[in-house]
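K.L.:
Sequence:
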Amino acid sequence: MIRLFAALRAATFFFLLAASVVCAQTDQLDYIAWEQVATRAEAAIESGDVSTEALETLRSDLSSYRDQLLGLQNAGDPRLATLQSQLDALGIPSEDGSEPEEIAQRRQELLAQISQLQAPLLRVVEAYNRADGLINAIDEIIRSRETERLLQRDPEPLDPRLWGPAITSLFVPFQEIASEVKTNLGNQVRRQALVDQLPAILALLAAALLLLFRAPRLIDRLGAWLRSKTRRGTGVWSTLLSLLRLTLPTGGLLIVVLAANISNMLGTRGTQIIFVLPLMLFVVLVARWLAAETFSSDDGINTIPLSQQRRTEARYYVNSLSLLLAVNALFAYLIEIGEWADETKAVLGFVIHLLCGLILFRLGQILRRTGPQVSPDAEAQGEPMPLSFPSRLARLAGQGAMFVGVAGPLLSAIGYFNIAFALIFPTIVTLGLFAFLLILQRLTRDLYHLFSGKPLDENQSLLPVVTGSLLTIAALPVLALIWGARVADLTELWARFQAGFSFGDTQISPTDFLTFAAVFAIGYILTRLLQGGLRGSVLPKTRLDKGGQTAIVSGTGYLGIFLSAIIAITAAGIDLTALAFVAGALSVGIGFGLQNIVQNFVSGIILLIERPISEGDWIEVNGQHGTVRDISVRSTRIETFDRTEVIVPNADLVSNSVTNYTRGNTLGRLVVEVGVAYGSDTRKVEDILYKIARNHEMVLMNPEPFVHFKGFGADSLDFDVRMILRDVTKILVVRTEVNHQINEAFKREGVEIPFAQRDIWLRNPEALPGARPTQERRTDPEEPTS
3 MIRLFAALRA
13 ATFFFLLAAS
23 VVCAQTDQLD
33 YIAWEQVATR
43 AEAAIESGDV
53 STEALETLRS
63 DLSSYRDQLL
73 GLQNAGDPRL
83 ATLQSQLDAL
93 GIPSEDGSEP
103 EEIAQRRQEL
113 LAQISQLQAP
123 LLRVVEAYNR
133 ADGLINAIDE
143 IIRSRETERL
153 LQRDPEPLDP
163 RLWGPAITSL
173 FVPFQEIASE
183 VKTNLGNQVR
193 RQALVDQLPA
203 ILALLAAALL
213 LLFRAPRLID
223 RLGAWLRSKT
233 RRGTGVWSTL
243 LSLLRLTLPT
253 GGLLIVVLAA
263 NISNMLGTRG
273 TQIIFVLPLM
283 LFVVLVARWL
293 AAETFSSDDG
303 INTIPLSQQR
313 RTEARYYVNS
323 LSLLLAVNAL
333 FAYLIEIGEW
343 ADETKAVLGF
353 VIHLLCGLIL
363 FRLGQILRRT
373 GPQVSPDAEA
383 QGEPMPLSFP
393 SRLARLAGQG
403 AMFVGVAGPL
413 LSAIGYFNIA
423 FALIFPTIVT
433 LGLFAFLLIL
443 QRLTRDLYHL
453 FSGKPLDENQ
463 SLLPVVTGSL
473 LTIAALPVLA
483 LIWGARVADL
493 TELWARFQAG
503 FSFGDTQISP
513 TDFLTFAAVF
523 AIGYILTRLL
533 QGGLRGSVLP
543 KTRLDKGGQT
553 AIVSGTGYLG
563 IFLSAIIAIT
573 AAGIDLTALA
583 FVAGALSVGI
593 GFGLQNIVQN
603 FVSGIILLIE
613 RPISEGDWIE
623 VNGQHGTVRD
633 ISVRSTRIET
643 FDRTEVIVPN
653 ADLVSNSVTN
663 YTRGNTLGRL
673 VVEVGVAYGS
683 DTRKVEDILY
693 KIARNHEMVL
703 MNPEPFVHFK
713 GFGADSLDFD
723 VRMILRDVTK
733 ILVVRTEVNH
743 QINEAFKREG
753 VEIPFAQRDI
763 WLRNPEALPG
773 ARPTQERRTD
783 PEEPTS
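Start counting the sequence shown at 3; every next residue gets the next number (the numbering used here).
Rather than coming from a laboratory, the hints here were simulated on the basis of the structure.
For each residue, glycine too, the CB sits at the ideal point set by N, CA and C.
Errors might be hidden in some of the hints.
[Unchecked claim] Taking CB as the label site, the calculated pair distances span:
#1 T474 with T731: 52 to 58 Å
#2 I169 with E338: 39 to 45 Å
#3 G93 with N131: 32 to 38 Å
#4 I169 with G253: 45 to 51 Å
#5 R216 with S471: 40 to 46 Å
#6 L224 with S634: 19 to 25 Å
#7 L702 with S657: 32 to 38 Å
#8 I608 with N131: 27 to 33 Å
#9 A106 with S657: 57 to 63 Å
[Said to hold, decoys possible] In silico BS3-like cross-links for lysine-lysine, where the CA-CA straight-line distance does not exceed 27 Å:
#10 K712 with K732
#11 K749 with K693
#12 K686 with K749
#13 K686 with K712
#14 K732 with K693
#15 K712 with K749
#16 K693 with K712
Whole structure, please, built from the sequences with the hints as guidance.
P.N.:
Here you go:
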């Protein structure tokens with residue numbers, strides 16, 4: 003439980019840490035005080051017998067100085083950059099020393115000034131490295147001591163010789179409290195003080211009774227009133243009111259404890275122990291609240307998919323576990339203040355561990371059944387049901403709880419009390435943290451419903467995924483503290499993050515990342531605004547076609563993003579020369595593995611510049627006909643007349659033959675072929691075809707249509723009609739209409755449209771298998787005659 007409250011204090015600590023980082027000043031460091039702290043730390047590390055609390059205090063002081071040194075190191079001296087630029091302006095000195103005296107003298111002066119300014123910075127770097135080394139040494143000592151404490155073996159609780167002393171020692175603190183209360187009641191002075199404080203005590207008790215017994219009913223009425231006033235968001239009110247029901251009884255018990263403390267009747271030990279009672283009640287109420295919200299009988303509130311029977315069973319086990327947690331809080335406190343002997347610690351601790359292990363094992367079995375409820379028919383057919391991420395996580399947590407439920411009591415039984423304690427109770431608190439995150443996830447969904455008026459569809463929204471990720475990231479430090487990490491370990495991670503890392507000769511810090519992100523974001527936004535202005539206001543007023551406008555907008559976007567990246571890198575202080583090796587490696591990779599991508603990229607730029615095709619053009623490429631819908635730097639999207647999307651690499655549009663039917667205009671030629679029977683009047687057929695072509699509204703008269711008498715085919719006299727259409731995209735409609743008119747006109751004028759005919763003549767029919775000669779058939783007397 004101590005780790006639990008350490009986790010609760012973590013948020014406050016990190017807030018103070020962030021405030022100290024923001025308010026940190028880069029003034030000169032007090033090196034005298036720093037030297038004293040560093041010397042004391044080195045002496046403590048050397049002696050090895052300093053307490054862990056003293057080492058933690060020293061580490062905190064060292065960490066504070068290290069943060070100041072890091073600030074001084076990152077701030078640097080702006081005059082150095084100016085002097086270095088002046089030195090670079092003088093050029094590289096010649097090897098033979100043939101340099102004008104004035105330039106050589108000026109070079110020496112600049113070098114001396116640079117050395118003078120670098121001296122304080124070098125001292126800061128040396129002090130920072132010293133502080134970092136001392137902190138690492140202290141952390142190593144503390145970790146080794148914690149490892150030794152965990153591996154320490156206590157008396158075995160199954161030894162019957164320990165049971166008698168353990169039971170005797172169990173009641174000693176309570177007997178001493180009773181004795182102190184009896185002595186205080188017999189003291190006249192204390193009784194008179196009790197009478198004097200009686201009005202205040204009665205007022206406190208009245209307030210406590212109100213919070214303990216009357217407040218829950220008032221909260222229920224408040225919830226009903228809120229639900230009546232709002233048509234949506236009832237889940238939000240239920241969660242908030244359940245938290246209120248959690249805190250008010252704890253506050254009432256705390257008031258009772260204050261009243262008992264004012265009476266001065268409990269004595270020293272009683273005063274110490276009674277302040278644990280609100281903590282015990284708070285632990286019980288928190289566990290019950292998590293059980294009620296996680297395994298609720300209401301399907302709309304329940305966060306883990308289980309059957310009603312399993313949820314009821316889970317609530318029972320969690321409520322039982324809450325009582326054991328409360329007892330363990332009192333047990334851990336009495337062990338910490340040294341009220342119980344080692345025998346009591348071993349025996350009573352084993353009993354608590356055993357009961358917690360049994361409940362954890364059974365709770366883990368329930369969590370392993372988490373998932374959608376399968377109908378008997380589906381279960382008989384063996385149909386698999388998909389599991390959500392919380393369900394999979396709950397099953398994994400159930401397996402871990404079952405393992406700890408077995409391993410924890412076994413370790414406690416053989417005397418490894420500390421390891422069993424470090425396994426069982428962090429597992430319980432971790433399960434509680436997991437349930438709390440699920441409740442917060444559900445609260446996010448209810449808040450969305452409250453403010454938007456629409457239920458959140460988790461299958462079509464990224465909000466559950468984003469909130470779940472953010473909650474998981476926020477819970478990681480708390481989870482680390484629960485499992486034994488020190489606050490100093492988390493601050494060390496933050497310090498390492500602040501220090502950054504080296505990339506070539508450049509030191510990159512979080513400030514550089516933030517600067518890069520901010521400058522690049524500003525450049526990106528400005529680029530998009532410029533593109534929007536060009537697309538909506540400037541380019542439509544020019545004579546450029548749609549393809550040219552698209553090319554300018556796209557080119558502006560690529561150029562703006564490239565310049566934004568360069569400016570952001572420069573603003574962050576990243577030396578681009580350090581990227582030379584990376585660029586060389588990338589060039590090799592591009593030459594071998596990315597050549598197709600680069601080829602398509604270059605082809606896309608060529609298409610945007612030359613504009614052989616534009617959006618809306620009807621083209622044919624690789625045997626595909628369609629309309630160009632979008633031209634990007636890698637590929638072009640074509641919509642076919644079947645309403646399918648074809649993605650064509652830009653390299654194919656540049657290197658292959660492309661037919662553009664509507665480039666510049668929509669004019670196009672239609673050729674309609676027709677055949678008439680031999681013997682037809684060809685002049686009459688020609689007149690009919692001319693009349694049909696000239697009378698169609700989509701056919702241009704300049705150039706006028708032309709009827710071509712192609713020649714004499716095998717089955718017909720072949721003609722074709724050649725027409726120029728106003729809109730070639732209507733070619734299928736015009737062809738269909740012209741064919742209808744030709745058919746109707748030929749029927750009306752008596753012109754026959756032939757179909758293919760073949761006459762088959764057998765030159766030697768007697769050569770066929772089974773055939774008889776002609777003469778034999780004629781002389782056969784039995785052959786019937788017609």
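K.L.:
Next, verify each hint and record whether it holds.
P.N.:
Hint by hint, here is what the structure shows:
no. : hint                       : verdict
1   : T474 with T731: 52 to 58 Å : holds (54 Å)
2   : I169 with E338: 39 to 45 Å : violated (21 Å)
3   : G93 with N131: 32 to 38 Å  : holds (35 Å)
4   : I169 with G253: 45 to 51 Å : violated (36 Å)
5   : R216 with S471: 40 to 46 Å : holds (42 Å)
6   : L224 with S634: 19 to 25 Å : violated (57 Å)
7   : L702 with S657: 32 to 38 Å : holds (35 Å)
8   : I608 with N131: 27 to 33 Å : violated (55 Å)
9   : A106 with S657: 57 to 63 Å : holds (60 Å)
10  : K712 with K732             : holds (26 Å)
11  : K749 with K693             : holds (15 Å)
12  : K686 with K749             : holds (13 Å)
13  : K686 with K712             : holds (15 Å)
14  : K732 with K693             : holds (20 Å)
15  : K712 with K749             : holds (22 Å)
16  : K693 with K712             : holds (19 Å)
Hint violations for this structure: numbers 2, 4, 6, 8, all remaining hints satisfied.
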